[in-house]
Amino acid sequence: MKYLEAIGKYFIMIWEVFKKPTKWRIMKTLIFKEIDELIYGAMGIIIFISFFIGGVVTIQTALNLNSPLLPKSLIGFATRQSMILEFAPTFTSIIMAGKVGSYITSSIGTMRVTEQIDALEVMGINSLNYLVFPKIVATMLYPFAVAISMFVGILGGWVAAVFGGFAPSGEFIQGLQMDFDSFHVTYAFIKSVVFAFVIATVPSYHGYYMTGGALEVGKASTTSFVWTSVVIIILNYVLTQLLLG
Amino acid sequence: MIEVENIHKSFGDNHVLKGISTIFDKGKTNLIIGQSGSGKTVFLKCLLGLFEPDEGSICYNGQYYSDLSLKERRNLRQEMGMVFQGSALFDSMTVEGNVMFPLDMFTNQSQSEKQDRVDFVLKRVNLVDAHKRYPAEISGGMQKRVAIARAIVMNPKYLFCDEPNSGLDPKTAILIDNLIHEITQEYDITTVINTHDMNSVMEIGEKIIFLKNGLKEWEGTNKEIFKTENKAVTDFVYSSELFKKVRQMYIEERN
Chain A
1 MKYLEAIGKY FIMIWEVFKK PTKWRIMKTL IFKEIDELIY GAMGIIIFIS
51 FFIGGVVTIQ TALNLNSPLL PKSLIGFATR QSMILEFAPT FTSIIMAGKV
101 GSYITSSIGT MRVTEQIDAL EVMGINSLNY LVFPKIVATM LYPFAVAISM
151 FVGILGGWVA AVFGGFAPSG EFIQGLQMDF DSFHVTYAFI KSVVFAFVIA
201 TVPSYHGYYM TGGALEVGKA STTSFVWTSV VIIILNYVLT QLLLG
Chain B
1 MIEVENIHKS FGDNHVLKGI STIFDKGKTN LIIGQSGSGK TVFLKCLLGL
51 FEPDEGSICY NGQYYSDLSL KERRNLRQEM GMVFQGSALF DSMTVEGNVM
101 FPLDMFTNQS QSEKQDRVDF VLKRVNLVDA HKRYPAEISG GMQKRVAIAR
151 AIVMNPKYLF CDEPNSGLDP KTAILIDNLI HEITQEYDIT TVINTHDMNS
201 VMEIGEKIIF LKNGLKEWEG TNKEIFKTEN KAVTDFVYSS ELFKKVRQMY
251 IEERN
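Protein chains in written order, with UniProt numbering: chain A, 1 to 245; chain B, 1 to 255.
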């Protein structure tokens with residue numbers, strides 16, 4: 001019953017976010033600020049993780065392709081498929097749920113604890129629109145981050161394959177080009193847009209409706225990470241079934 | 001002027017306000033006092049429109065809050081200024097940014113007009129060299145002044161303060177009290193202050209309401225509170241030995 005109530009409250013919050021918009025002149029500034037914090041600020045960790053994940057996927061694939069009958073190009077193929085279909089959109093989203101999600105929960109939660117949200121409400125401002133809407137818009141640029149993650153992951157795989165002696169460059173690149181289905185990229189981008197919405201809104205919900213003090217801000221950040229990850233994992237399954245099943 | 005008629009507010013089984021009626025006059029400093037849990041904050045939040053009373057009505061200069069449309073309520077909110085207990089300044093903005101915020105949100109003034117208004121109100125609260133500093137870089141007393149400046153920048157008709165003196169040293173607390181009192185008279189605002197500070201009660205309490213268990217137990221002025229025989233009020237206000245002596249001296253002087 002408690003979960004059902006929370007789900008209802010979450011959807012009411014989403015509805016409120018889009019009501020009574022803040023002046024565009026102000027909103028524009030807030031959106032650019034959030035793009036800087038949530039997307040640009042997360043690029044470093046996304047690039048770092050994607051590069052090494054790509055490398056690890058390549059090494060593990062290579063080590064499992066023992067048969068001399070299997071071409072080395074399959075290493076490139078497997079790396080591309082893994083990065084595009086799963087690692088770039090889903091794995092990166094889980095990382096983002098930790099990095100960006102906890103930032104969103106703690107920043108909004110701190111505003112709640114220090115009565116800054118009450119101050120907005122007293123002024124007659126729709127605090128949900130003011131605080132959450134720019135985050136939703138900013139995270140809609142998340143597919144660009146996922147595209148970079150795909151590229152860097154595959155680059156990491158190529159580096160591991162070539163410099164680790166697992167496959168020659170030519171064969172790896174041949175594998176990258178093998179049986180390419182462009183819908184897989186579309187599928188990854190659809191997933192990343194949905195996950196971006198979850199990353200912006202679920203942590204906002206946990207921050208906005210939190211009660212208590214500084215300790216509860218920390219607890220809310222942890223809870224928001226858990227729930228954001230759970231929702232991402234479930235939606236990943238549902239979207240995969242719907243789009244590829 | 002704010003007229004409150006028989007307001008009730010409950011949260012589940014907890015009946016917090018049990019029928020409070022009073023009038024807060026324009027140009028006066030009205031104080032709400034009472035023990036923790038007496039319903040002061042809930043009462044203030046009802047006056048601010050953050051909580052809707054379950055019963056009763058609140059009338060702002062002839063406008064009943066319950067009769068207003070959402071748009072009219074938002075417009076009314078823009079006529080209210082609020083000073084929060086912890087100041088509630090926006091951490092990410094400078095002092096100047098905090099004070100300019102309501103002007104940015106609700107007016108179409110040019111940058112120079114807004115700047116002039118911000119300079120004026122910051123000067124009015126005696127803060128002239130803190131424009132570019134962040135809330136974390138200034139003292140608690142200065143934060144309260146910035147909060148007051150932000151509350152009055154839109155020329156509000158109503159000013160609400162939730163324990164404006166909490167956490168301040170006695171000298172700064174008196175300065176903040178006097179500032180609120182001066183601003184109330186200067187701009188002819190209806191000011192309502194929620195406080196625990198007995199110095200404020202004695203110094204600026206032009207009208208005092210004492211709440212007990214969600215009911216209005218007593219109301220009067222700071223002069224009348226010395227003479228009252230209401231036991232609940234005297235037990236609360238004169239709980240310290242110092243205030244008991246002050247009261248005794250006042251009564252002896254009057255006699």
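Incorrect hints may appear among the rest.
Here are some chain B residues the structure puts well away from chain A; computed CB gaps all over 10 Å [what the hints assert, rightly or not]:
1. G62
2. L68
3. D91
Derived coverage of chain B by chain A (criterion: at least 3 residues anywhere in the stretch with Cβ under 8 Å from a Cβ of chain A; other residues may be distant) [to be verified]:
4. 84-90
5. 207-220
Here are the computed lysine-lysine pairs in the DSS-like style, where the Cα-Cα straight-line distance is at most 27 Å [as the list claims (entries may be wrong)]:
6. B:K71 <-> A:K9
7. B:K114 <-> A:K23
8. B:K18 <-> B:K212
9. B:K223 <-> B:K245
10. B:K223 <-> A:K23
11. A:K23 <-> B:K157
In short, the hints are calculated from the structure, not lab data.
The structure presented is a predicted model; accordingly, all values stated were derived computationally and were not measured.
Just so you know, even glycine gets a beta-carbon here, dropped at the ideal spot from N, CA and C.
*Would the least Cβ to Cβ distance between B:G62 and chain A come out above 10 Å?*
Non-interface label stands for B:G62: nearest chain A Cβ at 20 Å, farther than 10 Å.
*Given hint B:K245 paired with B:K223 - CA-CA distance at most 27 Å*: Holds - the C-alpha atoms of B:K245 and B:K223 are around 16 Å apart, at most 27 Å.
*Are all beta-carbon distances from B:D91 to chain A longer than 10 Å?*
B:D91 not clear of chain A: closest Cβ-Cβ about 8 Å, inside 10 Å.
*Is it the case that B:L68 keeps its Cβ farther than 10 Å from each residue Cβ in chain A?*
holds (12 Å)
*Within 27 Å, alpha carbon to alpha carbon, are B:K18 and B:K212?*
holds (10 Å)
*Below or equal to 27 Å on CA atoms is what counts here, so check B:K223 against A:K23.*
Distance of about 48 Å is beyond 27 Å: violated.
*Would you check the hint for A:K23 and B:K157, treating anything up to 27 Å between C-alpha atoms as holding?*
holds (24 Å)
*asked:* Given the hinted pair B:K114 and A:K23, is their Cα-Cα distance within 27 Å?
replied: holds (16 Å)
_Pair hint B:K71 and A:K9, alpha-carbon separation not exceeding 27 Å_ = holds (23 Å)
*asked:* Taking 8 Å as the Cβ threshold, is the statement that the segment 84-90 of chain B is covered by chain A upheld or broken by the three-residue rule?
replied: holds (count 6)
*Would you check chain A against the segment 207-220 of chain B, counting CB to CB pairs closer than 8 Å, and say if three or more residues qualify?*
n = 0 at 8 Å, threshold three: violated.
Checked against the numbered hints given earlier, this structure breaks hints 3, 5 and 10; the rest are met.
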